[in-house]
Amino acid sequence: TQLLEQSPQFLSIQEGENLTVYCNSSSVFSSLQWYRQEPGEGPVLLVTVVTGGEVKKLKRLTFQFGDARKDSSLHITAAQPGDTGLYLCAGGRADGLTFGKGTHLIIQP
Amino acid sequence: KAGVTQTPRYLIKTRGQQVTLSCSPISGHRSVSWYQQTPGQGLQFLFEYFSETQRNKGNFPGRFSGRQFSNSRSEMNVSTLELGDSALYLCASSPVGGTNEKLFFGSGTQLSVL
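Top line first, the protein sequences correspond to chains A and B. Sequential numbering of the first sequence, starting at 1, is according to the working numbering. Sequential numbering of the second sequence, starting at 110, is according to the working numbering.
A hint or two may mislead.
[To be verified] EDC-like mimics (lysine to aspartate or glutamate), calculated; alpha carbons at most 20 Å apart, straight line:
(1) K211/B x E54/A
(2) K70/A x E5/A
(3) K211/B x D71/A
(4) K57/A x E210/B
(5) K211/B x D95/A
(6) K211/B x E41/A
(7) K56/A x E210/B
(8) K122/B x E184/B
(9) K211/B x E38/A
(10) K166/B x D95/A
(11) K70/A x E184/B
These are computed hints drawn from the structure, not numbers from a lab.
Build the full structure now, drawing on both the sequences and the hints.
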C-alpha cells in the first residue's frame, strides 16, 4: 500500500488551461514537499509546506497543505509547455521522507 | 556551487554481478540519501548517511549497502544483481538531513540488469 497517493497518475492538457493535482494520505506528516522531475534528471524541489492549511504561491503554481496535514494539492494556472514533467509529493515523518509515485503532466502547445 | 554528482550515468550489468555507484554531494552537505526509482514503485528510500554513519534505512534486502567517507562522498553497492534491480538510482544531499530539509538530487545512475 502506497503511503502517499497522487492523482491523477497522468494528465495531458492544452497550453493555457488550469489544472490541479492531488497528494493524499491517511497519515499525518510534519511537512509536505513538492518536486518536479524532468526526463533524465533528478527531482528539483518546488516548495515545502509545514503548517496545516498553509498556502504557498510560486508564480503560476499554488500549493496547499490540508488542515489535518494529511494531504496537499498543487494548482497550476495557465499551464505552459515548460510545466511538463513528473510532479512528486513527499511527506516528512520521523523515519524520513516518503514519496508518492507522482503525476506525469504534459502540456501541449 | 557544483551540484550533486553521480557516476556513472549509465550502467549495464548481468544477473549475479555486483555494482558500485558513487555520489559526490554539494560541498558542505553532510547528509547523503539514496533512492531507487522505478516506473512501478516510484521513488523508494534506500538509506541515509550522515557523518559516515547510516542514520536511516529503508525496506530493502541486505544486498543493498552503502557507505560514506570522511569527505561526505558516498557509495552504494548492490551485490548479486537481479533483473528487478533495474532502476534509476538517485542520490540526494542536504546540509544536515531531517525531514523538513530541502533535498538536492543528482541526475542519477540508470542501471540496467540483463
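Structure-based check of each hint:
Restraint check: the Cα-Cα separation between K211/B and E54/A comes to about 18 Å, which is no more than 20 Å; the hinted pair holds. For the given pair, K70/A sits about 11 Å from E5/A by alpha-carbon distance, which is consistent with the 20 Å threshold. For the hint linking K211/B to D71/A, the alpha-carbon distance of about 19 Å falls within 20 Å, and the restraint holds. A hinted pair counts as satisfied when its Cα atoms are at most 20 Å apart, and K57/A with E210/B qualifies at roughly 19 Å.
Proximity of K211/B to D95/A is assessed by CA-CA distance (about 16 Å); at most 20 Å being required, the pair is judged to hold. Using a Cα cut-off of 20 Å, the hinted pair K211/B and E41/A holds, with the two alpha carbons roughly 17 Å apart. Under the criterion of a C-alpha separation no larger than 20 Å, the hint pairing K56/A with E210/B is consistent with the structure, at around 17 Å. For the hint pairing K122/B with E184/B, the CA-to-CA distance comes to about 17 Å; that is within 20 Å, so the pair holds.
A distance of roughly 18 Å separates the Cα atoms of K211/B and E38/A; the hinted pair therefore holds under the 20 Å criterion. Taking the CA atoms of K166/B and D95/A, the gap is about 8 Å. The hint holds against a cut of 20 Å. About 34 Å separates the Cα atoms of K70/A and E184/B, which puts this hinted pair outside 20 Å; it is violated.
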